[in-house]
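**Q** The primary structure of each chain is shown beneath.
There are 2 protein chains.
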Amino acid sequence: MPDERFVYLGDTARVPYGSKPLEMVRAFASEIAEELVARGAKAIVIACNTASAASLPELAARLPVPTWGVVQPGVDAAIDAVTPAYRGRVAVLGTEATIKARAYQDRLEAAGVATWSRACPLFVPIVEEGVSDSAIAELVARHYLGDMPAVDAVILGCTHYPLLKPTLSRVLGPEVVLIDSSEAVADVVSADLARLGLCSPARRTAGADDVTYLVTGDVGSFMNTVTRLGGTDAPAERVDLGTARAPKSSPALEPLPRSEHLAS
Amino acid sequence: MPDERFVYLGDTARVPYGSKPLEMVRAFASEIAEELVARGAKAIVIACNTASAASLPELAARLPVPTWGVVQPGVDAAIDAVTPAYRGRVAVLGTEATIKARAYQDRLEAAGVATWSRACPLFVPIVEEGVSDSAIAELVARHYLGDMPAVDAVILGCTHYPLLKPTLSRVLGPEVVLIDSSEAVADVVSADLARLGLCSPARRTAGADDVTYLVTGDVGSFMNTVTRLGGTDAPAERVDLGTARAPKSSPALEPLPRSEHLAS
Chain A
1 MPDERFVYLG DTARVPYGSK PLEMVRAFAS EIAEELVARG AKAIVIACNT ASAASLPELA
61 ARLPVPTWGV VQPGVDAAID AVTPAYRGRV AVLGTEATIK ARAYQDRLEA AGVATWSRAC
121 PLFVPIVEEG VSDSAIAELV ARHYLGDMPA VDAVILGCTH YPLLKPTLSR VLGPEVVLID
181 SSEAVADVVS ADLARLGLCS PARRTAGADD VTYLVTGDVG SFMNTVTRLG GTDAPAERVD
241 LGTARAPKSS PALEPLPRSE HLAS
Chain B
1 MPDERFVYLG DTARVPYGSK PLEMVRAFAS EIAEELVARG AKAIVIACNT ASAASLPELA
61 ARLPVPTWGV VQPGVDAAID AVTPAYRGRV AVLGTEATIK ARAYQDRLEA AGVATWSRAC
121 PLFVPIVEEG VSDSAIAELV ARHYLGDMPA VDAVILGCTH YPLLKPTLSR VLGPEVVLID
181 SSEAVADVVS ADLARLGLCS PARRTAGADD VTYLVTGDVG SFMNTVTRLG GTDAPAERVD
241 LGTARAPKSS PALEPLPRSE HLAS
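Chains as they are written, first to last, in this note's numbering: chain A, 1 to 264; chain B, 1 to 264.
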């Protein structure tokens, strides 16, 4: 969608979402959506599997703009990849919260597809450490997938996991289809925007404002991670968002008299 | 200290601290200390290297009760372990924030001890995944420590790292002393409480209220982790703390009229 402008908001101060209670993830997703609506977004993609699995139906019903998650496009792509006469089973990999929310599993099973699922908490830190294509990543993949039954497709149910594709292909063999829902969701959003008459007019040249990067945490750490993952060097800005604001110290913590002062 | 009662507060909703900006870690540590003072704590141990490195001098100066961090006891133990005629160097392992804060390195170098340091972001998730004594852990340790020069001692500068001792001993060899500051800090606290006349009277039997466990995040996830690490099965309670409270949804996000309803 080269004619569109994008606002990316990364809640880097409060990640990882994958091990947080679902109601907390839902509340964070609401705050982020509110910020994006306030900045004039005409449509929103919840580009996080944990947040999509936890909050999509509720957010889509409440927001004043079209809203997509990444789960259903991944489910649809997986159903396309299943060959019932062959194995008829899809594996779902994701964070603890995504696997526990059962958003993928329930939709696949409702479509008659058998599932096997596993939470893979070490995959995100491995990708963020920049060792996604390494002996470490391969050993961790074998740790999680050693008892996986034969499947037709594996849903990479977390936005970090596509960086593990080369490793997962080595471990699982070339005949297993790896489903990257980022491509599937882009296709769906593009088609829906056209259908809704929401596409921007064609622009002649790409501009410096094509993507605005906002983060709730440290800008320098974010830029380091993006660079390590081979991404853009466009600058990011800090955004103060709900409870991701650094809290002020409480007046209750002003110095009080004390008998002795230890600073070991 | 079997005669003392303890309140443990784990900020599980906002961990990991290790990759957060120092000013945010300082603010979280202040909120936690305030909660503990409000619950009647007579003394506080900042039992986290990242929070100690980020906030100890400031908190110790402001709190009305004696306050210790885990850094100085670890430094002292490392200085004891150094044999200048031999190698004269100490390695410091910790989170990104701890290594960046330089609390260990500056104190050791001020004492004339050469240092080598490395941030090891994968160590915490490996411990929390319960694979701290495994081929995965060993491969990750070799990844971080492959270019470490000869040292006399290695400071395990994160409260998770002592669980990696068997793995680190295999990788580093038995002649390198592994410094676990948890034991050092217990010795210091016990001695200082006695010196300050703050010890509790002897109790005849251990009670069920010896330790109160408070967490800001999901209680069930916390209990699962503690059980996996071989810890207590005493119940934990949820505590709402500053910005770790799950935010309420904003009124701005009430349903608004829209032309079309997408729930893909």
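Please keep in mind that the hints were generated in silico from the structure rather than gathered at the bench.
These figures come from a predicted structure and were not determined experimentally.
Think of the CB as a built atom: it goes at the ideal place given N, C-alpha and C, for glycine as much as any other residue.
Treat each hint with caution, since some may be false.
[To be verified] Residues of chain B placed beyond 10 angstroms of chain A at every Cβ, according to the derived structure: (1) 20; (2) 39; (3) 96; (4) 121; (5) 129.
[Claimed, not checked] Sample of chain B residues at the chain A side, in silico, Cβ under 10 angstroms: (6) 12; (7) 13; (8) 14; (9) 19; (10) 112; (11) 131; (12) 133; (13) 134; (14) 136; (15) 139; (16) 223; (17) 226; (18) 230; (19) 233.
**Q** Now, for every hint given, state plainly whether the structure supports it.
**A** Going down the list of hints, with the structure as the test:
Here residue 20/B does not stay apart from chain A, with its beta-carbon only about 6 angstroms from theirs, under the 10 angstroms limit. Consistency note on residue 39/B: stated as away from chain A, and its beta-carbon is indeed over 10 angstroms from all of that chain's, at 13 angstroms minimum. Distance check for residue 96/B against chain A: the nearest CB is about 8 angstroms away, which does not clear 10 angstroms, and the non-interface claim fails. Taking the minimum C-beta to C-beta distance to chain A, about 6 angstroms, the non-interface status of residue 121/B is violated against the 10 angstroms cut.
For residue 129/B, the shortest C-beta to C-beta distance to chain A comes to about 6 angstroms, within the 10 angstroms cut-off, and the non-interface label is violated. A least Cβ separation of about 9 angstroms between residue 12/B and chain A falls short of the 10 angstroms threshold, and the interface hint therefore holds. Annotation: residue 13/B was flagged as interfacial toward chain A, and the flag holds, the nearest CB pair being 7 angstroms apart, inside 10 angstroms. At about 7 angstroms, the closest approach between the beta carbon of residue 14/B and any beta carbon in chain A falls short of 10 angstroms, and the interface hint on this residue holds.
Given the 10 angstroms rule on beta carbons, the hint for residue 19/B holds: about 6 angstroms separates it from the nearest Cβ of chain A. For residue 112/B, the shortest C-beta to C-beta distance to chain A is roughly 20 angstroms, which exceeds 10 angstroms, and the interface hint is violated. Annotation: residue 131/B was flagged as interfacial toward chain A, and the flag holds, the nearest CB pair being 7 angstroms apart, inside 10 angstroms. Hint on residue 133/B is violated. Least Cβ distance to chain A is approximately 13 angstroms, over the 10 angstroms limit.
A hinted interface residue such as residue 134/B counts as satisfied when its beta carbon comes closer than 10 angstroms to some beta carbon of chain A; here the least separation is about 8 angstroms, so the hint holds. Evaluation of the residue 136/B hint against chain A yields a held restraint, the C-beta minimum of about 5 angstroms falling below 10 angstroms. Interface restraint check: residue 139/B against chain A, minimum CB-CB distance 5 angstroms, threshold 10 angstroms, status holds. Hint on residue 223/B is violated. Least Cβ distance to chain A is approximately 13 angstroms, over the 10 angstroms limit.
Among the interface hints, the one on residue 226/B is violated; its C-beta lies about 14 angstroms from the nearest C-beta in chain A, farther than the 10 angstroms criterion. With its C-beta approaching chain A no nearer than about 19 angstroms, residue 230/B sits outside the 10 angstroms limit, and its interface hint is violated. For residue 233/B, the interface hint is violated, since its Cβ never comes within 10 angstroms of a Cβ in chain A; the closest pair sits about 20 angstroms apart.
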